[in-house]
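**Student:** Sequence:
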Amino acid sequence: MKGVSIAIIAMVLLLGGCGQHVIIDWVDFVQLNDIHDLHDDSNELFELKVYSGKPIYKSTDKIRIWATLKYVGSDREITLWHGDPGILFYISDGNELEIGGIKLPIQTATTLKRDKLYTYDCQLYVGGDEPIADYWRELSPAKGLFLPKGEYEVKAVGDFSLNEGDINPISISDKITVKVVE
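Using my numbering, read the sequence shown as starting at 1 and increasing by one per residue.
It should be emphasised that the hints constitute simulated quantities derived from the structure, not laboratory data.
Straight-line alpha carbon distances no greater than 20 Å define the calculated EDC-like cross-link-like pairs of lysine to aspartate or glutamate that follow:
1) K58 - D93
2) K175 - E151
3) K116 - D75
4) K116 - E44
5) K62 - E153
6) K116 - E77
7) K175 - E96
8) K54 - D121
9) K58 - E151
10) K179 - E98
11) K179 - D121
12) K70 - D84
13) K175 - D93
14) K175 - E98
15) K62 - E98
16) K54 - D93
17) K103 - E164
18) K49 - D121
So the derived label-pair ranges between C-beta atoms look like this:
19) P55 - A109: 31 to 39 Å
20) K58 - G165: 44 to 52 Å
21) K179 - T108: 28 to 36 Å
Note that beta-carbon positions come from the ideal geometry of N, C-alpha and C, so glycine has one too.
Between the sequences and the hints, there should be enough to build the whole structure, so can you do that?
**Tutor:** Structure below.
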């Protein structure tokens, strides 16, 4: 009985804490990653899927990653308010490599038609002091996405509101694993 009481108290504290607004640094991968895992509850309106051209690449292969977003609600169309780009991508090796996109804090409206697939190509930003920055400079990121040998989690995240100026965004995400060999 004591275990049940503790579980109920923990749930009340957890659910009560989720209702508070969280202010985050929108470029910080770790905070964004944690928040998206907590708010991935909007799948009744949208389907977000992330894809790779293949599951295993050579370190000299250009890696192709994209995501699709589909509105599956009951209305014929829906307007979303979001920053730019609408879908962000993050790549992590689970250790020291964490790279991601930058979302410009500009409100943009996009109208999605029901059951139509919208495709978003992977766009990433690597800062000057990140461990992979030198590797990317050597390979010229303008030519595409290249990663060193390893196994990577690739996550696509969509944050948007159904009303202009809404500060409680809908967050959805999907992830896959990609392996790079020599």
